[in-house]
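Chemist: Can you make the complete structure from the sequences, with help from the hints?
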Amino acid sequence: MPICEKSKLLDDARRGAPEMIEKFKERQRLLFEKKLEILRSKQEKKALMDAKQYTQKVRLTAKLQDVGGVWTCPGDIEHFKTSQGRVTLKEAIITQLQFRKTVLGSKGPREKFQQSLKGNPYSLSQLEQNLLDIIEINKENESLENADNSNSLSYFSEEQVQENIKEAKLKLSQKLREGRNKILINQQSSRLPELVERPETLVGKTIIHKFKEVGSNEITWYTGEVLSIHKANGRLTKYNVRYEDEELNRFPLLTDMEKGDLIIKD
Numbered sequence: 649m650p651i652c653e654k655s656k657l658l659d660d661a662r663r664g665a666p667e668m669i670e671k672f673k674e675r676q677r678l679l680f681e682k683k684l685e686i687l688r689s690k691q692e693k694k695a696l697m698d699a700k701q702y703t704q705k706v707r708l709t710a711k712l713q714d715v716g717g718v719w720t721c722p723g724d725i726e727h728f729k730t731s732q733g734r735v736t737l738k739e740a741i742i743t744q745l746q747f748r749k750t751v752l753g754s755k756g757p758r759e760k761f762q763q764s765l766k767g768n769p770y771s772l773s774q775l776e777q778n779l780l781d782i783i784e785i786n787k788e789n790e791s792l793e794n795a796d797n798s799n800s801l802s803y804f805s806e807e808q809v810q811e812n813i814k815e816a817k818l819k820l821s822q823k824l825r826e827g828r829n830k831i832l833i834n835q836q837s838s839r840l841p842e843l844v845e846r847p848e849t850l851v852g853k854t855i856i857h858k859f860k861e862v863g864s865n866e867i868t869w870y871t872g873e874v875l876s877i878h879k880a881n882g883r884l885t886k887y888n889v890r891y892e893d894e895e896l897n898r899f900p901l902l903t904d905m906e907k908g909d910l911i912i913k914d
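Residue numbering for the sequence shown follows the working numbering, beginning at 649 and increasing consecutively.
No wet-lab data here; the hints were simulated from the structure. Worth double-checking, as some hints may not be accurate.
[What the hints assert, rightly or not] Okay, the calculated beta carbon distance ranges per label pair: (1) Ser-689 to Glu-848: 29 to 35 angstroms; (2) Lys-853 to Met-697: 26 to 32 angstroms; (3) Asn-897 to Cys-721: 42 to 48 angstroms; (4) Gly-723 to Trp-869: 45 to 51 angstroms; (5) Lys-682 to Asn-897: 31 to 37 angstroms.
[Stated by the list, open to error] Quick list of in silico lysine to aspartate or glutamate cross-link-like pairs, EDC-like style, CA-CA up to 20 angstroms: (6) Lys-766 to Glu-776; (7) Lys-682 to Glu-892; (8) Lys-858 to Glu-892; (9) Lys-711 to Glu-776; (10) Lys-913 to Glu-842; (11) Lys-907 to Glu-845; (12) Lys-738 to Asp-781; (13) Lys-693 to Glu-681; (14) Lys-729 to Asp-781; (15) Lys-755 to Asp-781; (16) Lys-673 to Glu-845; (17) Lys-671 to Glu-845; (18) Lys-683 to Asp-904; (19) Lys-907 to Glu-842; (20) Lys-711 to Glu-739; (21) Lys-860 to Asp-909; (22) Lys-738 to Glu-776; (23) Lys-693 to Glu-739; (24) Lys-694 to Glu-845; (25) Lys-749 to Glu-739; (26) Lys-879 to Glu-906; (27) Lys-700 to Glu-815; (28) Lys-729 to Glu-776; (29) Lys-787 to Glu-776; (30) Lys-705 to Glu-815.
Since this is a predicted model, take the numbers as computed values, not measurements. Idealized CB from N, CA, C, for every residue including glycine.
Modeler: Put into structure tokens, the structure is as follows:
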């Protein structure tokens with residue numbers, strides 16, 4: 649090949665290289681965003697499902713207080729029949745079955761936990777028998793603190809009921825907050841490639857940063873302000889951060905954001 653032709657080909661290749669590199673980066677970015685979108689959708693659905701299930705558990709726990717707690721033997725059913733309550737026997741049995749299925753995870757055929765079979769509602773006697781069957785199936789596997797030797801129900805005081813409901817609502821609130829944070833994290837994950845490319849754009853932002861307390865599994869979210877870059881290094885860039893009037897701290901915020909431990913507030 650003549651030298652002039654070879655030189656021309658090399659020059660053309662050099663001129664076209666930046667464009668090819670940019671196209672490659674763009675394809676990589678689009679693939680990354682597509683994967684993030686799929687993951688984000690799955691995680692949002694899971695967070696909403698978890699919140700819905702937890703809400704149902706709290707509701708059933710509150711309803712259980714009206715029927716004296718979990719029934720663990722036939723005597724509990726007979727005791728309820730003779731008591732004067734604001735809940736009917738049918739409602740109480742349905743609550744017991746739903747609580748066992750949703751909260752306790754009691755074992756047994758699926759149809760035993762249902763209110764009907766093939767579109768035909770169970771009679772009261774059928775519902776009662778279903779509950780007796782579930783109690784019998786699970787009696788060896790369940791250890792319930794409120795069951796005593798007399799096989800009688802342990803009724804809670806009104807103060808204890810309200811305390812239990814308050815505690816359950818607090819746990820639900822925490823669960824829902826975690827769910828909302830997960831959704832925000834997923835929504836912001838698409839910003840990560842831009843921040844890795846330009847780490848300085850995070851400076852001046854207010855963040856919410858997740859930490860695990862030392863010596864426990866308790867999770868706490870702290871609000872902080874990103875003051876400056878301590879050491880620039882792409883994804884591993886360390887930032888100077890101040891949390892709620894504390895001393896200056898240094899963290900690789902982008903790696904924490906990638907792990908889902910950081911939310912940008914503004």
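Chemist: Against this structure, judge whether each hint is valid.
Modeler: Consistency of the hints with the structure:
1. Ser-689 to Glu-848: 29 to 35 angstroms: holds, 31 angstroms
2. Lys-853 to Met-697: 26 to 32 angstroms: holds, 31 angstroms
3. Asn-897 to Cys-721: 42 to 48 angstroms: violated, 57 angstroms
4. Gly-723 to Trp-869: 45 to 51 angstroms: Holds: the Cβ-Cβ distance is about 48 angstroms, inside 45 to 51 angstroms.
5. Lys-682 to Asn-897: 31 to 37 angstroms: Hint holds: Cβ distance 35 angstroms, inside 31 to 37 angstroms.
6. Lys-766 to Glu-776: holds, 18 angstroms
7. Lys-682 to Glu-892: The hint is violated at about 36 angstroms.
8. Lys-858 to Glu-892: holds, 14 angstroms
9. Lys-711 to Glu-776: holds, 18 angstroms
10. Lys-913 to Glu-842: holds, 17 angstroms
11. Lys-907 to Glu-845: Judged against 20 angstroms, a Cα distance of about 18 angstroms means the pair holds.
12. Lys-738 to Asp-781: Roughly 16 angstroms between the alpha carbons, so the hint for Lys-738 and Asp-781 holds.
13. Lys-693 to Glu-681: Given that 20 angstroms is the threshold and the Cα spacing comes to 18 angstroms, the pair holds.
14. Lys-729 to Asp-781: The given pair, whose Cα atoms are some 18 angstroms apart, holds under the 20 angstroms limit.
15. Lys-755 to Asp-781: holds, 10 angstroms
16. Lys-673 to Glu-845: Status holds; Cα separation ~12 angstroms.
17. Lys-671 to Glu-845: Holds, because 16 angstroms separates the two Cα atoms, which is no more than 20 angstroms.
18. Lys-683 to Asp-904: Within the cut-off at roughly 19 angstroms; holds.
19. Lys-907 to Glu-842: holds, 16 angstroms
20. Lys-711 to Glu-739: Distance ~10 angstroms between Lys-711 and Glu-739 Cα, so the pair holds.
21. Lys-860 to Asp-909: holds, 10 angstroms
22. Lys-738 to Glu-776: holds, 8 angstroms
23. Lys-693 to Glu-739: violated, 31 angstroms
24. Lys-694 to Glu-845: With a Cα-Cα distance of about 31 angstroms, the restraint between Lys-694 and Glu-845 is violated, given a limit of 20 angstroms.
25. Lys-749 to Glu-739: holds, 15 angstroms
26. Lys-879 to Glu-906: holds, 18 angstroms
27. Lys-700 to Glu-815: holds, 17 angstroms
28. Lys-729 to Glu-776: Roughly 12 angstroms between the alpha carbons, so the hint for Lys-729 and Glu-776 holds.
29. Lys-787 to Glu-776: holds, 16 angstroms
30. Lys-705 to Glu-815: Distance ~13 angstroms between Lys-705 and Glu-815 Cα, so the pair holds.
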